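> Line by line, the protein sequences give chains A and B. Heads up, the first sequence is in our numbering, so the first residue is 232 and it goes up one at a time. Heads up, the second sequence is in our numbering, so the first residue is 92 and it goes up one at a time.
Among the hints, erroneous ones may be present.
DEER-style ranges, computed between Cβ atoms [what the hints assert, rightly or not]:
| no. | chain 1 | residue 1 | chain 2 | residue 2 | range |
| --- | --- | --- | --- | --- | --- |
| 1 | B | Thr98 | A | Tyr385 | 25 to 31 Å |
| 2 | B | Lys150 | A | Asp508 | 26 to 32 Å |
| 3 | A | Tyr385 | B | Gly120 | 39 to 45 Å |
| 4 | A | Asp261 | B | Asp283 | 30 to 36 Å |
| 5 | A | Gly300 | B | Lys124 | 55 to 61 Å |
| 6 | B | Pro206 | A | His386 | 18 to 24 Å |
From chain A, some residues computed to sit far from chain B (all C-beta separations above 10 Å) [unchecked claim]:
| no. | residue |
| --- | --- |
| 7 | Glu247 |
| 8 | Ala293 |
| 9 | Glu404 |
| 10 | Lys412 |
| 11 | Gly445 |
| 12 | Glu461 |
| 13 | Asp519 |
In case anyone wonders, no lab produced these hints; they're calculated from the structure. Here the structure is a predicted model, which means the values were calculated and not measured. Ideal Cβ placement from N, Cα and C applies to all residues, glycine included.
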Amino acid sequence: MNLQNPREIYGRTLVELGTENPNIVVLEGDLGKSTMTCYFEQAFPNRFFEMGIAEANMTSFAGGLSLTGKIPFTNSFAVFAAGRAYDQIRQGVCLPKLNVKVVGSSAGLSDFGDGSTHQTVEDLALMRAIPNMTVLVPCDGTETRKMTRAIAAYHGPVYMRLTRNDMPALFPENEEFVIGKPYLMREGTDVVAFACGQMVSKALEAADLAAERGISVRVVNVSSLKPVDESALKAFARGMRGIVTAEEHSIMGGLSCVINYVFRGSGLRTECVAIMDRFGQSAASYNDLLEEYGLTPRHICAAIERAASQ
Amino acid sequence: MNHPAQTRDIAQLRRIARKIRLDIVQMVGPGQKGHFGGSCSSADFVTALYFSKMRHDPKNPAWEDRDRFLLSKGHSALVQYAALAEWGYFPMEELKRLKTLGAMLQGHPDKLTTPGVEANTGSLGQGLSLACGMAAGLRIDGRGSKVYCVLGDGELAEGQIWEAAMAAAHYKLENVVAILDRNGLMTNGLTDVRYSPSPVDKKWAAFGWHVQEINGHDMREILDALDRADTVRGQPKIIIARTVKASGIPFAEGRAEFHNGIMTVEQYEEACRVLASEEAVS
Chain A
232 MNLQNPREIY
242 GRTLVELGTE
252 NPNIVVLEGD
262 LGKSTMTCYF
272 EQAFPNRFFE
282 MGIAEANMTS
292 FAGGLSLTGK
302 IPFTNSFAVF
312 AAGRAYDQIR
322 QGVCLPKLNV
332 KVVGSSAGLS
342 DFGDGSTHQT
352 VEDLALMRAI
362 PNMTVLVPCD
372 GTETRKMTRA
382 IAAYHGPVYM
392 RLTRNDMPAL
402 FPENEEFVIG
412 KPYLMREGTD
422 VVAFACGQMV
432 SKALEAADLA
442 AERGISVRVV
452 NVSSLKPVDE
462 SALKAFARGM
472 RGIVTAEEHS
482 IMGGLSCVIN
492 YVFRGSGLRT
502 ECVAIMDRFG
512 QSAASYNDLL
522 EEYGLTPRHI
532 CAAIERAASQ
Chain B
92 MNHPAQTRDI
102 AQLRRIARKI
112 RLDIVQMVGP
122 GQKGHFGGSC
132 SSADFVTALY
142 FSKMRHDPKN
152 PAWEDRDRFL
162 LSKGHSALVQ
172 YAALAEWGYF
182 PMEELKRLKT
192 LGAMLQGHPD
202 KLTTPGVEAN
212 TGSLGQGLSL
222 ACGMAAGLRI
232 DGRGSKVYCV
242 LGDGELAEGQ
252 IWEAAMAAAH
262 YKLENVVAIL
272 DRNGLMTNGL
282 TDVRYSPSPV
292 DKKWAAFGWH
302 VQEINGHDMR
312 EILDALDRAD
322 TVRGQPKIII
332 ARTVKASGIP
342 FAEGRAEFHN
352 GIMTVEQYEE
362 ACRVLASEEA
372 VS
């Protein structure tokens, strides 16, 4: 399987964008060798701002830069980018619809060693709840590159959630990324699985397991949590016996809430694979955490079987 | 007075400042809550900025080479609304619709609704960071514009102020001029008693800022300090303006309860009478 590191690809894409557009500026909260903004710093030192470990100031400062026509990308771990700077994002950036891109790195449980303080289970809920915000989660490196380019071209506030660890290459090279659009990743006829981020690859593996049990699963990558194309999501569920959602995020306020809202009253059984209202914790490996929190292909397959049983 | 010219005439600026205060009082009206205390303490230096110092154009609020004005203490929006209205950024009639449903003039400055407002402030502590970001962007573009940012002294309790102070000094943002409205009062009493920011001058100096301290109601001192700030290179500047809350409204001066206070009909009429008179109040 061809593995890609989304952080690495994000960092390289920022340099591409910086080469093409002199208005691209990058702000960093002292994690540049982890978020991989270090490449942009080397290429464009005058458009790179080390903001120290001060995410609140970084976010508002980015708002100020955007008010002079710059396109700022703020960078930190997702738990700080979205959580520590929540009020700055809400008040200073989203209220006036400023053109600031907040990039939350090492999201979900992906920073497995650092534990609960550095893992975020609620960033998508926080960001989705803010009016004017766009919320995106790429499923691999290819989509990360396309998404990064798309948000630079879009005028308005965006939150993009990146994972720390390698991901299998899934997103077609020849497919355009469009904000709001869900992407069909695998065709199937019995159950539709809506997934985002790292869980898209897990859902695809789960679809293989389900196929062995005689259940045909359609897998859809919902990389845009906000806005969502409701009619496209409904079309993907047409004729299905049930729905599964899969996300590396709390059951509160993330993909499961998007899907449950869209399919309210539809009568389709919906099973959700998510973090059940718990904080993360340290572990020796990412996979240990995915197992502990019920986020493996096996868990998704069990949800598929339940959804298909209607 | 609808379209006053920029001036260095002290007497004229004092007259404008008095009209600004009258606008503030009339915007709030009797029997209504309004942040007129902190709006009036800022009235003189806000007048000096809008009517003497800053380059701006009410016919072209987005003029790229304008100087920027940010009210980090966004609850004092009334003073900025009065200055913008006097300049003709929007009709004076808008002042009467303040804080009503669908109004241009919100309780705190809103860039999306109000011409001349540069950013959304009101969640305290964020305006200086926004100002610094603007200053950095203007510097990248090689523009000579300055960014003026008004801070409250109660606001200095917000940690983000000091994050911004560090950033401005680190990046040598000499195009940032902060003005601290040191009226000495927070919502429920004296700042130095309830939650002291003192010594304010030493703190800013220690953070690498050029510091001046003035009487914030002396128009000559205000103009001189703004001019002196222009001569300082390589560091951000702050002017600590010693002021009196609700300055110009005799019954409310220096009283914390008028931070977001209510005037009786009698008090309202007295305030209007004093501010409409030709006697100098500053």
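> Please go over all the hints and tell whether each is borne out by the structure.
Evaluation of the provided hints:
1. Between Thr98 of chain B and Tyr385 of chain A the beta carbon distance is about 44 Å. The supplied range of 25 to 31 Å is therefore violated.
2. For the pair Lys150 of chain B and Asp508 of chain A, the supplied restraint of 26 to 32 Å is violated, since their beta-carbon distance comes to about 55 Å.
3. At about 43 Å, the CB distance of Tyr385 of chain A to Gly120 of chain B agrees with the hint of 39 to 45 Å.
4. The hint said 30 to 36 Å for the Cβ distance between Asp261 of chain A and Asp283 of chain B, and at roughly 35 Å that hint holds.
5. Between Gly300 of chain A and Lys124 of chain B, the C-beta spacing of about 38 Å breaks the proposed range 55 to 61 Å.
6. Remark: the range hint 18 to 24 Å for Pro206 of chain B to His386 of chain A is upheld by a beta-carbon distance near 20 Å.
7. With a least CB separation of 20 Å from chain B, Glu247 of chain A remains clear of the 10 Å interface cut-off, as annotated.
8. The claim that Ala293 of chain A lies off the interface is violated: its Cβ sits roughly 6 Å from the closest Cβ of chain B, which falls inside the 10 Å cut-off.
9. No beta-carbon of chain B is positioned within 10 Å of the beta-carbon of Glu404 of chain A; the least distance is around 34 Å.
10. With 10 Å as the threshold on Cβ separation, the claim that Lys412 of chain A sits away from chain B holds: the shortest Cβ distance comes to roughly 28 Å.
11. The beta carbon of Gly445 of chain A is kept farther than 10 Å from every beta carbon of chain B, the shortest such distance being approximately 55 Å.
12. Listed as a non-interface residue, Glu461 of chain A keeps its Cβ farther than 10 Å from every Cβ of chain B; the least gap is roughly 27 Å.
13. Even its closest Cβ contact with chain B, about 36 Å, leaves Asp519 of chain A beyond 10 Å, as expected for a residue assigned away from the interface.
Going through the hint list in order, the structure does not satisfy hints 1, 2, 5 and 8.
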